[in-house]
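**Q** These protein sequences, in sequence, are chains A and B.
Taken in order, the first sequence gives residues 430 to 763; the numbers are from my numbering.
Taken in order, the second sequence gives residues 430 to 763; the numbers are from my numbering.
Among the hints, a few may not be true.
Where chains are identical, the list cannot tell them apart; a pair therefore holds if satisfied intra-copy or between any two copies.
Restricting the straight-line Cα-Cα distance to at most 30 Å, the calculated cross-link-like pairs of lysine-lysine (DSSO-like) are [what the hints assert, rightly or not]:
{"hint": "1", "residue 1": "K611", "residue 2": "K650"}
{"hint": "2", "residue 1": "K723", "residue 2": "K611"}
{"hint": "3", "residue 1": "K723", "residue 2": "K638"}
{"hint": "4", "residue 1": "K699", "residue 2": "K611"}
{"hint": "5", "residue 1": "K699", "residue 2": "K709"}
{"hint": "6", "residue 1": "K611", "residue 2": "K709"}
{"hint": "7", "residue 1": "K468", "residue 2": "K512"}
{"hint": "8", "residue 1": "K638", "residue 2": "K559"}
{"hint": "9", "residue 1": "K709", "residue 2": "K516"}
Hints in this document: simulated from the structure, not taken from any laboratory.
Residues per chain are reported as follows:
Number of protein chains: 2
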Amino acid sequence: MTSRRQFIRNTAIAGAGMSIVPHWVSATQKPQDKIEELKVGLIGVGLRGTNHLQNLILRNDVRVTALCDIDADRIALCRNLIKEAGKNAPLIFEGGPYDYLNLLDSKEVDAVIIATPWLWHTRMTVDAMKAGKYAGVEVSAANTLEECWDLVNTHEATGTHMMILENVNYRRDILAVLNMVKQEVFGELVHFRCGYQHDLRHVKFNNGKQPYGGGVEFGEKAISEARWRTLHSVKRNADVYPTHGLGPVAVMADINRGNRFLSLTSHASKSIGLHNYIVKNGGEDHPNADVEFKQGDVITTTIDTARGETIIITHDCNLPRPYSLGFRVQGANG
Amino acid sequence: MTSRRQFIRNTAIAGAGMSIVPHWVSATQKPQDKIEELKVGLIGVGLRGTNHLQNLILRNDVRVTALCDIDADRIALCRNLIKEAGKNAPLIFEGGPYDYLNLLDSKEVDAVIIATPWLWHTRMTVDAMKAGKYAGVEVSAANTLEECWDLVNTHEATGTHMMILENVNYRRDILAVLNMVKQEVFGELVHFRCGYQHDLRHVKFNNGKQPYGGGVEFGEKAISEARWRTLHSVKRNADVYPTHGLGPVAVMADINRGNRFLSLTSHASKSIGLHNYIVKNGGEDHPNADVEFKQGDVITTTIDTARGETIIITHDCNLPRPYSLGFRVQGANG
């Protein structure tokens, strides 16, 4: 067992080692050709993409060379942030949903960060890899099994790398537990629990003016995530967002590093949370009170792994509840 | 919302109302024929049956009239407890595994409490109902789907009552939450979690001299529960003990009172806990180190109900862990 000081140092080093920027190189360069400055293009600069921008402009070894969005207001906001930081003006791609392809053609871009609505993730990542760019894509990265294979097949065909930007993997508590797993504190692993238990009702609905809450609109009458994310709850009865839970567990369980997922079952509860929210905040006569949501409020998925562990994943985003991803790591030692 | 005082009074009344003894009447009497003293026979007086006896001899409205066990030492111990309490000597049935049938024939017995190994539960309860006795049977009460139907069919044919003695249902915390459910504190119910998370390794193994631990023997070389219970872990890969968790949830979810279980899936993790315990405490050369345990260490079962709730049940008894049944009740209000 290492000392607490050593433990924190190791964790900090692991965290730095896993941050993506210092190790990225242009896809056309060999790893040993150290470059002074990484040229990053941002595809999608909503709230999440803007947050990435704010982090990137703090660094001297990164230059944001291109911005792409269909929303001119977001582009203007981000261009201003870059200007205020005293950095060079980026190339702008705001010519509709497919202008990102022009961004990918640019030699001013080594790598891209994709922070667009979910249904664009795989398509854009595949196109980025085909264009020889390193691609960082927001979760959930893929929506179907076919899309998962699209990512694998494209990586194998192009040799270009992509990374899922699953931020929970790098939380300090998660890295601490990962360190404990690797030090075999838990012994041989047997069982995991994880998930996404997060009351997103104010994210799924707004008033078209503010990004969070203030109304019960979604889709075209809403802005930000409620504009597109909520439709997944209308149309899909599934755990549409498993990676916050599964990302850290997959690393701890050596998934695709000597272990793999074998099979799963999934159960959905009734769906009442979003409807109740609309009735409570918009009234029974609001048009959205008639919307039928397919997504069960609590989705329970259990996975068997090749090494014999079981994993319970929970998706629980439509009911009032305190935030908790509900992690458990259980092994032969406890 | 009631006051705390009222709440506690209601809970206490509910507890008393649900305790089995005051409302029992001889099966041959009509409910309105109030009897002075209930005549109870005990079938199985191991640790659990003896515990029932100790509670019963504190009451003035109950007389323990018969004892049945294949172990003469346990009979002697219990007979002594009755004598020390200044009560009349009971009838004794210690003539082998089927002498309980003679107990059931006795007119000195109105009701029986069955606290024998699991595989005897259904058979003895069915025979008790056929003999016109009220039967209280320890958990788990049935081991197969067919046995569950045996209990239902016998009740419907005889009109005689049986009750599963699921003690967790009557814990103060469980009754408090049940009261909250009935007062709709949680709102419409959506999701439950429950189970049996209890490190039973010292129950599953002993040294043949003491009931708990002190060795790694089970079966014929062991005494008490390790003599029979551990074999279920050798031969069955299943949640063999779901009622501690499912009993309270079934009441809260109105199962068979307007709601019902529809379907389930079940996943078992690897099985390493009991083997590791034997190796650690008995050494690699102990004969039991070669035993293959079928039962996975963590069994996860998810049930769908007719009203659309989901229930996760956990069986987790072979690993070092703190005791917790892991209850969660989740509804539209939280």
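**Q** All the hints need checking, so say for each whether the structure fits it.
**A** Verification of the supplied hints:
no.: 1; hint: K611 / K650; verdict: neither (48 Å within a copy, 39 Å between copies)
no.: 2; hint: K723 / K611; verdict: between (40 Å within a copy, 28 Å between copies)
no.: 3; hint: K723 / K638; verdict: within (26 Å within a copy, 59 Å between copies)
no.: 4; hint: K699 / K611; verdict: between (39 Å within a copy, 20 Å between copies)
no.: 5; hint: K699 / K709; verdict: within (18 Å within a copy, 46 Å between copies)
no.: 6; hint: K611 / K709; verdict: between (47 Å within a copy, 22 Å between copies)
no.: 7; hint: K468 / K512; verdict: within (16 Å within a copy, 90 Å between copies)
no.: 8; hint: K638 / K559; verdict: neither (38 Å within a copy, 71 Å between copies)
no.: 9; hint: K709 / K516; verdict: neither (47 Å within a copy, 63 Å between copies)
Of the hints listed earlier, those the structure fails to meet are numbers 1, 8 and 9, in rising order.
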